[in-house]
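K.L.:
Take a look at the letters that make up each chain.
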Amino acid sequence: MKFAVVVFPGSNCDVDMYHAIADELGEEVEYVWHDEDNLDRFDAILLPGGFSYGDYLRSGAIARFSKVMAAVKQAAEAGKPVLGVCNGFQILLEAGLLPGAMRRNQGLKFICRPVRLTVENNETMFTSAYEKGEVITIPIAHGEGNYYCDEQTLERLVENRQIVFRYHGENPNGSLADIAGIVNERGNVLGMMPHPERAVDALLGSADGLKLFRSIVNYWRETHVVTA
Amino acid sequence: MYKVKVYVTLRKSVLDPQGTTVKGALHSLSYTEVKDVRIGKFMELVIEESGRDINELVREMCEKLLANPVIEDYRYEIEEAVAR
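Just so you know, the sequences run in chain order A and B. Under UniProt numbering, the residues of the first sequence are numbered 1 to 228, in order. Under UniProt numbering, the residues of the second sequence are numbered 1 to 84, in order.
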């Protein structure tokens, strides 16, 4: 299985993401620059964290118009897994691949520490390796992770089980309904504020994020069964 | 040539923690008559005449990029600039 890590000017979690896939998961992975217009050779697309285009105007607002985003949209429409972490999540929101918008953290502070999450839906291609309701530890590092959407959108998210992760115990940024991560209706685009790529080895304090990447691989193997 | 001033603010229904904090600071300076503070962005665009309706053009730019309609409102003022 081949992963793409999209690199925007200002991405800074691209190396962590690459490390998670290449060294911890043991799958193929390649960096893709933001002016690439074709992602057909990849099976999954990863949008890493960072400060694309300096977060000028709004987080993700400029990255959304870079050339690669047309190809990311195509990949999403083709049903490939697309994962946006932190700034990647903000870009997916700005691009309209996920509903809602991101506001500054309620406390106005940049927060960088491990948090606990509840796996609300373990029946997605990103979470099948988790138990339902499992509480996991994944670090966050963001100043704008305060998720917002209108009431109708929230109802739809709940009805369609699109809320995948919620903050457990305490909500660090004030996000609506304790939302930490959501998928699109089809279930193949996941945006989340916590960084699973920084929790892939006990040495890092937690290996809980690795199951997310394992889930993607499991899904891919199930849908692309190769018989000898 | 037009000079366009664009003001982007959080929608009324969206909590503005930055504004709330500044209001608190004003109160602690004893400006207790301040009842509300909302913080937004101000942008100044200089736009060449292109034959397109200037209002339509600015609205389009605001909807597409300058404001995020999920959480933000915008308004703008158009001044006909003179000197080149």
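One should not assume that every hint holds.
Heads up, simulated DSSO-like pairs for lysine-lysine below, C-alpha to C-alpha not over 27 angstroms straight-line [stated by the list, open to error]: (1) K64(B) with K3(B); (2) K41(B) with K12(B); (3) K3(B) with K35(B); (4) K5(B) with K73(A); (5) K35(B) with K23(B); (6) K67(A) with K35(B); (7) K23(B) with K73(A); (8) K109(A) with K3(B); (9) K73(A) with K2(A); (10) K64(B) with K35(B); (11) K67(A) with K23(B); (12) K67(A) with K64(B); (13) K23(B) with K64(B); (14) K5(B) with K23(B); (15) K64(B) with K5(B); (16) K64(B) with K41(B); (17) K23(B) with K3(B); (18) K2(A) with K67(A).
So these bits of chain B aren't anywhere near chain A, every CB distance computed over 12 angstroms [unchecked claim]: (19) Y7; (20) D16; (21) T20; (22) K41; (23) M43; (24) L65; (25) I71; (26) E72.
Just some of the chain B residues that point at chain A, by a computed CB distance under 8 angstroms [as the list claims (entries may be wrong)]: (27) V14; (28) P17; (29) Q18; (30) T21; (31) T32; (32) V34.
Hint data in this document are derived by calculation from the structure and do not stem from the laboratory. On a predicted model such as this, the values are computed, not experimentally measured, just so you know. From the three backbone atoms N, C-alpha and C, an ideal C-beta is built for every residue, glycine too.
K.L.:
All hints are to be evaluated individually against the structure, with a verdict given for each.
P.N.:
Now for the hints, and whether the structure bears them out:
Taking the CA atoms of K64(B) and K3(B), the gap is about 19 angstroms. The hint holds against a cut of 27 angstroms. Between K41(B) and K12(B) the alpha-carbon distance is near 15 angstroms, which keeps this suggested pair within the 27 angstroms criterion. This hinted pair does not check out: K3(B) and K35(B) have alpha carbons roughly 32 angstroms apart, beyond 27 angstroms. For the proposed pair K5(B) and K73(A), the alpha carbon gap of about 33 angstroms is over 27 angstroms, so the pair is violated.
For the hint pairing K35(B) with K23(B), the CA-to-CA distance comes to about 8 angstroms; that is within 27 angstroms, so the pair holds. The suggested pairing of K67(A) with K35(B) is violated, with an alpha-carbon distance near 45 angstroms, which exceeds 27 angstroms. A C-alpha spacing of about 42 angstroms is found between K23(B) and K73(A), which places the hinted pair above 27 angstroms, so the restraint is violated. For the hint pairing K109(A) with K3(B), the CA-to-CA distance comes to about 35 angstroms; that exceeds 27 angstroms, so the pair is violated.
Distance check on the hinted pair: K73(A) and K2(A) sit about 18 angstroms apart at the alpha-carbon level, within 27 angstroms; holds. Annotation: proposed proximity of K64(B) to K35(B) is violated, straight-line Cα distance about 33 angstroms (limit 27 angstroms). Between K67(A) and K23(B) the CA atoms are separated by roughly 41 angstroms; this puts the pair beyond 27 angstroms, and the hint is violated. Taking the CA atoms of K67(A) and K64(B), the gap is about 16 angstroms. The hint holds against a cut of 27 angstroms.
Between K23(B) and K64(B) the alpha-carbon distance is near 31 angstroms, which puts this suggested pair outside the 27 angstroms criterion. A hinted pair counts as satisfied when its Cα atoms are at most 27 angstroms apart, and K5(B) with K23(B) qualifies at roughly 25 angstroms. At most 27 angstroms may separate the alpha-carbon atoms for a hinted pair to count; K64(B) and K5(B) meet this at roughly 17 angstroms. For the hint pairing K64(B) with K41(B), the CA-to-CA distance comes to about 16 angstroms; that is within 27 angstroms, so the pair holds.
A C-alpha spacing of about 31 angstroms is found between K23(B) and K3(B), which places the hinted pair above 27 angstroms, so the restraint is violated. Proposed proximity of K2(A) and K67(A) is supported: the alpha carbons are some 21 angstroms apart, at most 27 angstroms. Against chain A, the non-interface label of Y7(B) holds: every CB pair exceeds 12 angstroms, the least being about 14 angstroms. The beta carbon of D16(B) sits about 9 angstroms from the closest Cβ of chain A, which is not more than 12 angstroms, so the claim that it is off the interface is violated.
Chain A draws T20(B) into its interface by the beta-carbon criterion, the shortest separation being 9 angstroms against a cut-off of 12 angstroms. Against the 12 angstroms criterion, K41(B) falls within the reach of chain A, whose nearest CB is about 8 angstroms from its own CB. With a minimum CB-CB distance of about 9 angstroms to chain A, M43(B) fails to clear the 12 angstroms threshold, and the non-interface call is violated. Consistency note on L65(B): stated as away from chain A, yet its beta-carbon is not over 12 angstroms from all of that chain's, at 6 angstroms minimum.
Here I71(B) does not stay apart from chain A, with its beta-carbon only about 5 angstroms from theirs, under the 12 angstroms limit. The Cβ of E72(B) does not lie farther than 12 angstroms from every Cβ of chain A; its closest approach is about 8 angstroms, which violates its non-interface assignment. The beta carbon of V14(B) is positioned within 8 angstroms of a beta carbon in chain A (closest approach about 7 angstroms), and the interface hint is therefore held. A hinted interface residue such as P17(B) counts as satisfied when its beta carbon comes closer than 8 angstroms to some beta carbon of chain A; here the least separation is about 5 angstroms, so the hint holds.
A hinted interface residue such as Q18(B) counts as satisfied when its beta carbon comes closer than 8 angstroms to some beta carbon of chain A; here the least separation is about 6 angstroms, so the hint holds. Checking T21(B) against chain A: minimum C-beta separation of about 6 angstroms stays under 8 angstroms; hint holds. Restraint check, T32(B) versus chain A: the minimum CB separation of about 22 angstroms is more than 8 angstroms; hint violated. Because the smallest distance between the Cβ of V34(B) and any Cβ of chain A comes to about 18 angstroms, over 8 angstroms, the interface hint for this residue is violated.
This entry does not satisfy hints 3, 4, 6, 7, 8, 10, 11, 13, 17, 20, 21, 22, 23, 24, 25, 26, 31 and 32, going by the numbered hints stated previously.
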